[in-house]
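Protein chains: 6
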Amino acid sequence: MSLFDDLIPTLITDTPAQGRELAIMMARKTIATLQPDADARASLRDDYANDTEQLLAAGHIVAVEFQTIAAANNYWR
Amino acid sequence: MSLFDDLIPTLITDTPAQGRELAIMMARKTIATLQPDADARASLRDDYANDTEQLLAAGHIVAVEFQTIAAANNYWR
Amino acid sequence: MSLFDDLIPTLITDTPAQGRELAIMMARKTIATLQPDADARASLRDDYANDTEQLLAAGHIVAVEFQTIAAANNYWR
Amino acid sequence: MSLFDDLIPTLITDTPAQGRELAIMMARKTIATLQPDADARASLRDDYANDTEQLLAAGHIVAVEFQTIAAANNYWR
Amino acid sequence: MSLFDDLIPTLITDTPAQGRELAIMMARKTIATLQPDADARASLRDDYANDTEQLLAAGHIVAVEFQTIAAANNYWR
Amino acid sequence: MSLFDDLIPTLITDTPAQGRELAIMMARKTIATLQPDADARASLRDDYANDTEQLLAAGHIVAVEFQTIAAANNYWR
Chain R
1 MSLFDDLIPT
11 LITDTPAQGR
21 ELAIMMARKT
31 IATLQPDADA
41 RASLRDDYAN
51 DTEQLLAAGH
61 IVAVEFQTIA
71 AANNYWR
Chain A
1 MSLFDDLIPT
11 LITDTPAQGR
21 ELAIMMARKT
31 IATLQPDADA
41 RASLRDDYAN
51 DTEQLLAAGH
61 IVAVEFQTIA
71 AANNYWR
Chain P
1 MSLFDDLIPT
11 LITDTPAQGR
21 ELAIMMARKT
31 IATLQPDADA
41 RASLRDDYAN
51 DTEQLLAAGH
61 IVAVEFQTIA
71 AANNYWR
Chain F
1 MSLFDDLIPT
11 LITDTPAQGR
21 ELAIMMARKT
31 IATLQPDADA
41 RASLRDDYAN
51 DTEQLLAAGH
61 IVAVEFQTIA
71 AANNYWR
Chain U
1 MSLFDDLIPT
11 LITDTPAQGR
21 ELAIMMARKT
31 IATLQPDADA
41 RASLRDDYAN
51 DTEQLLAAGH
61 IVAVEFQTIA
71 AANNYWR
Chain Y
1 MSLFDDLIPT
11 LITDTPAQGR
21 ELAIMMARKT
31 IATLQPDADA
41 RASLRDDYAN
51 DTEQLLAAGH
61 IVAVEFQTIA
71 AANNYWR
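Protein chains in written order, with our numbering: chain R, 1 to 77; chain A, 1 to 77; chain P, 1 to 77; chain F, 1 to 77; chain U, 1 to 77; chain Y, 1 to 77.
No lab work stands behind these hints: they were computed from the structure. Bear in mind that the values here come from a model prediction, so they are computed numbers and not experimental data. Take the hints with a grain of salt, since some may be wrong.
[As the list claims (entries may be wrong)] A short list of chain U residues far from chain Y (calculated; beta carbon distances all over 12 Å):
1) Asp-14
2) Thr-15
3) Ala-17
4) Gln-18
5) Glu-21
6) Arg-77
[As the list claims (entries may be wrong)] Examples of chain F residues toward chain A, derived with CB under 8 Å:
7) Leu-11
8) Val-64
9) Ala-71
[Said to hold, decoys possible] Derived lysine-lysine pairs resembling DSS-like cross-links, with alpha carbons at most 30 Å apart:
10) Lys-29/A with Lys-29/R
11) Lys-29/F with Lys-29/A
12) Lys-29/U with Lys-29/P
13) Lys-29/Y with Lys-29/U
Yeah, the Cβ is synthetic: ideal placement off N, Cα and C, and Gly gets one too.
One chain only, chain R, in its complex shape:
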């Protein structure tokens, strides 16, 4: 059993929009895995959401995850 079983049962989505949501979720859950302390994450969140450099870093991760998901879905062609 994996803690990701419920989160990522599949990379296949009906639409690009749902693929985008999945990309954002995957990026977030990885951070939660790397820093499992919820309080620590909460205190870090303020730094992050008000620092454009970090928002850009997060946006970059989402772009990479989405690249994977889009390929998995054959780009929803």
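Put chains A, P, F, U and Y on the given structure of chain R with help from the hints.
Just chains A, P, F, U and Y now, with coordinates in the frame of chain R:
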């Protein structure tokens, strides 16, 4: 329903130029999703647009999104 | 013989969730290879887990490793 | 109509060299789109061209854009 | 003749583990090429191995090199 | 005519080693294009070669360029 439904109905575009616009839009909307407070974003925008490091970080994200979109469109060959 | 033999016998996994776990493990083991001193790593871990920039950097690596693993598994289609 | 119509009518080029030029131009035009004020860009340019970290960041973007263009051209094989 | 001839005669490896070793070696040798002075590298190594940001940067490079090697080996399927 | 014509007549190389050399050269020439003043580059070089963060950034670019070249050569299989 996904908040991206209206934004990214498809990755297919008629031209490379439209693909580039989509890449920029996708990058922007991710940031807006990560920092949903419009006032916070507005105050962050000044930092960002006048800091070459951050402009480069944003340009990098656009390049990655465009890579996905270009593949989706079979490179408009 | 390679020190990775036991860690990465294969890139093939049954599910996306297991692929995600593998991605995280691979990212971690690389760092352990680059800094083999366990005490040094332990003292570095605090910096890392409480610094959103570094958590994002780690999340980015996981996204890249997962991209490889997902392709290896033909995206678990 | 897109502001990129004249800039990127196609990703197809005759040679790798022209593909490289296109990659550099695409990277530059994205920055111009993100910071449309020419005076602001001019004042930022000094920072950028004399800061190796930023030159490297720009070189990285060019490498990613070129990856897309090279794939589009089937690597000019 | 290339100084890499002995280092990278092929990208093909028997196992994913050997591919991982090759990825790490390739990343290291590139740095050695960019800074050929061994003493300078030795003095830089302390900075690097005790700085999580730099360990993460190195881990990121290994992930990218591994992506190439994994594709070359058709993912050892 | 393009200033890259002599530098990158083709992405095809006989060996992985030559592909690696090409990747390094391409990364270097891009920087030279972005900062064409040779004196400025010379003064920047010291910063760069003695700063592990920047060496890593350069190594990352080489990894991305090599990924493109390796694909172009069908991984020298």
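Evaluated hints:
The Cβ of Asp-14/U lies farther than 12 Å from every Cβ of chain Y, with a closest approach of about 15 Å, so its non-interface assignment holds. With a cut of 12 Å on Cβ distances, Thr-15/U stays outside the contact zone with chain Y, its closest approach being about 17 Å. Distance check on Ala-17/U: its Cβ is at least 19 Å (rounded) from any Cβ of chain Y, clearing the 12 Å threshold; non-interface status holds. For Gln-18/U, the shortest C-beta to C-beta distance to chain Y comes to about 15 Å, beyond the 12 Å cut-off, and the non-interface label holds.
With a least beta-carbon separation of about 15 Å from chain Y, Glu-21/U lies farther than 12 Å from that chain, consistent with its non-interface assignment. Every Cβ of chain Y is farther than 12 Å from the Cβ of Arg-77/U; the closest lies at roughly 14 Å, confirming the non-interface assignment. For Leu-11/F, the suggested interface contact is upheld, since its CB lies about 5 Å from the closest CB of chain A, less than 8 Å. Hint status for Val-64/F relative to chain A: holds, with the closest Cβ pair at about 4 Å, below 8 Å.
A cut of 8 Å between beta carbons decides the hint on Ala-71/F: the least distance to chain A is about 7 Å, and the hint holds. Using a Cα cut-off of 30 Å, the hinted pair Lys-29/A and Lys-29/R holds, with the two alpha carbons roughly 20 Å apart. With a C-alpha separation of about 20 Å, the suggested pairing of Lys-29/F with Lys-29/A holds against the 30 Å cut-off. Taking the CA atoms of Lys-29/U and Lys-29/P, the gap is near 20 Å; set against the 30 Å cutoff, the hint holds.
Proximity of Lys-29/Y to Lys-29/U is assessed by CA-CA distance (about 20 Å); at most 30 Å being required, the pair is judged to hold.
The structure agrees with every numbered hint stated previously.
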